[in-house]
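Student: Residue numbers (the working numbering), protein chains in the order written: chain R, 8 to 88; chain G, 3 to 399.
In short, the hints are calculated from the structure, not lab data. None of the values given here were measured: they were computed from a predicted structure. Misleading hints may appear alongside valid ones.
Only pairs whose alpha carbons sit at most 30 Å apart, straight line, appear in this in silico DSS-like list of lysine-lysine [unchecked claim]:
| hint | chain 1 | residue 1 | chain 2 | residue 2 |
| --- | --- | --- | --- | --- |
| 1 | G | K378 | G | K354 |
| 2 | R | K13 | R | K29 |
| 3 | R | K13 | G | K161 |
| 4 | R | K10 | R | K71 |
| 5 | R | K57 | G | K167 |
| 6 | R | K13 | R | K43 |
| 7 | G | K132 | R | K29 |
| 8 | G | K167 | R | K68 |
Sample of chain R residues facing chain G (criterion: CB under 8 Å; computed from the structure) [to be verified]:
| hint | residue |
| --- | --- |
| 9 | E32 |
| 10 | C55 |
| 11 | A62 |
| 12 | V67 |
Cβ atoms here follow ideal geometry from the backbone N, Cα and C, with glycine treated the same way.
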Amino acid sequence: MPKKSKSQSFEADLNRLEEIVKRLEDGSVPLEESMKLFQEGTQLAASCGKLLDEAEQEIVKLTKGPDGSLQEVPFANEQAE
Amino acid sequence: MENILTVTQLNNLIKAAFDNVPALQNVCVRGEISNYKLYPSGHHYFTLKDAEGSLKCVLFKGSALSLRFRPQNGMSILAVGRVSVYPRDGVYQLYCTRLIPDGAGDLQAAFEQLKQRLWQEGLFDPAHKKPLPAFPHRIGIVTSPAGAAVHDMLRILGKRYPLSKLILLPVRVQGEEAAGEIARAITYANRERLCELLIVGRGGGSMEDLWAFNEEPVARAVYASEIPVISAVGHEPDVTISDFVADLRAATPSNAAELAVPDQAELRARLEALRKQMAAALQRRAQQARGRLEALASRPVLKDPQRLVLDRRLRLDRLTERLAAVQSAALSARRTRLTRLAAGLDAMSPLKVLARGYAVVSDESGTLVQEAAAVKAGQKIRITFRDDTVPAVIAEQ
Chain R
8 MPKKSKSQSF
18 EADLNRLEEI
28 VKRLEDGSVP
38 LEESMKLFQE
48 GTQLAASCGK
58 LLDEAEQEIV
68 KLTKGPDGSL
78 QEVPFANEQA
88 E
Chain G
3 MENILTVTQL
13 NNLIKAAFDN
23 VPALQNVCVR
33 GEISNYKLYP
43 SGHHYFTLKD
53 AEGSLKCVLF
63 KGSALSLRFR
73 PQNGMSILAV
83 GRVSVYPRDG
93 VYQLYCTRLI
103 PDGAGDLQAA
113 FEQLKQRLWQ
123 EGLFDPAHKK
133 PLPAFPHRIG
143 IVTSPAGAAV
153 HDMLRILGKR
163 YPLSKLILLP
173 VRVQGEEAAG
183 EIARAITYAN
193 RERLCELLIV
203 GRGGGSMEDL
213 WAFNEEPVAR
223 AVYASEIPVI
233 SAVGHEPDVT
243 ISDFVADLRA
253 ATPSNAAELA
263 VPDQAELRAR
273 LEALRKQMAA
283 ALQRRAQQAR
293 GRLEALASRP
303 VLKDPQRLVL
313 DRRLRLDRLT
323 ERLAAVQSAA
333 LSARRTRLTR
343 LAAGLDAMSP
353 LKVLARGYAV
363 VSDESGTLVQ
373 EAAAVKAGQK
383 IRITFRDDTV
393 PAVIAEQ
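Next up, chain G with everything else stripped away, as it sits in the complex:
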């Protein structure tokens, strides 16, 4: 043997096998109670028997709270629940969610049968359920226009959210015709796109009174509705098929009205909160801007705008000074050069030569005579002395 399992592993395998059979997840079994025991923990343990077989059953404390009778040995009941394995004892058993006295009549059995059938078909699938609109602008109410339920709903809807338009689709809510009327009203609302939300329901009553909401046409119309549906039938403990199919189950019609619309008191509080948030945000924004402004203002340029001008003026002055200095230096250099040149010029002036005792000879036309060979005897010449010019004649050559 290669594959040796522990007992626990085997039991868990078997449990997984049971849990994978959809038909075992929601069953309704008829049988007789025996070995009934209520443990101090609040859990109920018993065996269901018929002529040939027996079945271990447990009803946990939580589910037992909704029991409307005391189970007793020998009592014939319908037990609703799922079958699974209890690995510790290696036994399979029925984990009951509901016990119904068999004497309760055919209605209860029909209810369980339809519920089981529709459940298997997927009509209760949570994935199919649509979210309700946050603000239903138009609400269709499929109910009797005469009952107390409609008035409770209208009153509560009006008190909570008076902005939506309420459209009453009057139907009978009990009797032979009721289921058909309810189903047609739901279909009509969808065809006409009458509203964004439907409330379908009625006030409390006996199981027979509420029966229309356990009928298949209503269940199918609710399932097919593209408009989200709130089911609001009877009082808190009353559960109908339409409750399972609807997108939301309300415990009562009044509860449906509360679930359908936002409460204006809360809306006003929200508006106020938004207003405060907005003011706070703006204040923060302004503070942030002020912070930036102050940071900018503290920069020298803006803090002391005069300074910028002064700085520039100083620079201008310095430049002007430098320019003047450069100019005067250039000027004086030229002046010095000029003086020097003038002095040179002066030194070379013929007048200065004459002053030293020299004389200049020129001919009668005024041309300088620079060598002796340029004159001949008898030629008239002019001799310029320091003080004057006098005529003269060359005596001999």
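If we strip away everything but chain R, and leave its shape as in the complex, we get:
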């Protein structure tokens, strides 16, 4: 399995966070577990925010290599503001 991309981590964390909120709002979770969930949720929210803050977009262009196969090469969006 390849390492999870940042976008995959973000989506997974956000989904988990939403699940946690749902469980906490359900009210049937024991208090001690609620505290643990809250702690986990707080960490997830922080790590999601951090992923966005520190994101550096990867942009590649597919280019034909010498052997004719397509390769990814970095692409600079030079006209970007």
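Based on the hints, put chain G in the right spot on chain R.
Tutor: Leaving out everything else, chain G in the frame of chain R:
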């Protein structure tokens, strides 16, 4: 005649019959405009004629907004729309969605023909359209690497959701080779499972410039793509075949970038909202627990734990008391009995008898002599008085 219909019933029957013919739902008719009338309602009414026949047509206000020319009597046009019945007048007519000047050239006619053919084949079927992923981790962009369109897309994608990886599949977007390159790029992306979302498009231009996106190979590649495709060709009014086939049509490439990814500003707001919801839920949970705790604490046992001990002690004391009482009662009963017995015993004591003036006779061995026949004359006996015992002899028998 058994089956007598009203006029309305018959007209509705005929209308239903027309509406059930698929070939009538999307037609393109060439003809000459006559009796053209624009009503104050904004609807356009006219008749299309050729050498032998005529056809009533209506173009409603909404569709008329996209007209790029003024229809006039005598003008040769292509009218696109569906044929249905207007029951009130008992006439069938063409409900136009588009009018194209016939002079517009073969491209427009080819466009309409291909569109009609692919539509009938089901390539535009909404049921075939795939939902877009909420978080496309990798986005393939099939476009020219040189145009302004790609830079707009990259800029907007980056601003909205910088977490996804953007993979540019450079292709020519106009000219003879364009359609084949675009179609191959889409097929390649699918074969390599390159990404979760494809954006296929280019910036604005003339109909000729955009033509590659009206070609069948592109339409078929888009239709066959298992990766959801956003079609992003030209400016808002430009509509291409690939727009119809794609899972989502974007008005412009920039619009495609907006539709493709979530906006991080919204994501941050959502995170914040979740955080607040979570805190509120925990607070509610804690309050609920506190409520239970208080309810428990207000119970006597926990409210005043001493009392429980005191209660038990009291009970213990009471039991001890009772035990003592029972014991002493039993004791005194025994004591009374003992006294009584002792008294009885005392009364029967031989000493008491002697004290009353009796004497006891025993033989020399100390055995009591209880009858006169037990002694003979001359026998020595002992007589015990109250104060002492003295020897004696039986005088005669």
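Student: Against each hint, give a clear statement of whether it holds in the structure.
Tutor: Verification of the hints:
Pair hint G:K378 plus G:K354 holds up; C-alpha atoms about 29 Å apart against a cutoff of 30 Å. Our distance criterion of 30 Å between C-alpha atoms is met by R:K13 and R:K29, whose separation comes to about 24 Å. Of the pairs offered as hints, the one joining R:K13 and G:K161 holds, with about 16 Å between alpha carbons and a cut-off of 30 Å not exceeded. The hinted pair formed by R:K10 and R:K71 meets the criterion: a straight-line CA distance of about 26 Å does not exceed 30 Å.
Annotation: proposed proximity of R:K57 to G:K167 holds, straight-line Cα distance about 17 Å (limit 30 Å). At most 30 Å may separate the alpha-carbon atoms for a hinted pair to count; R:K13 and R:K43 meet this at roughly 25 Å. Between G:K132 and R:K29 the alpha-carbon distance is near 28 Å, which keeps this suggested pair within the 30 Å criterion. Between G:K167 and R:K68, the direct Cα distance comes to roughly 11 Å. Compliance with the 30 Å bound is thereby established for this hinted pair.
A distance limit of 8 Å between C-beta atoms decides the matter here; for R:E32 the minimum to chain G is near 5 Å, and the interface restraint holds. Here the hint on R:C55 is kept, as its CB sits about 5 Å from the closest CB of chain G, short of 8 Å. The closest approach between the C-beta of R:A62 and any C-beta of chain G is roughly 4 Å, which is under the 8 Å cut-off, so the hint is satisfied. Hint status for R:V67: holds, given a least beta-carbon distance of 6 Å to chain G, under 8 Å.
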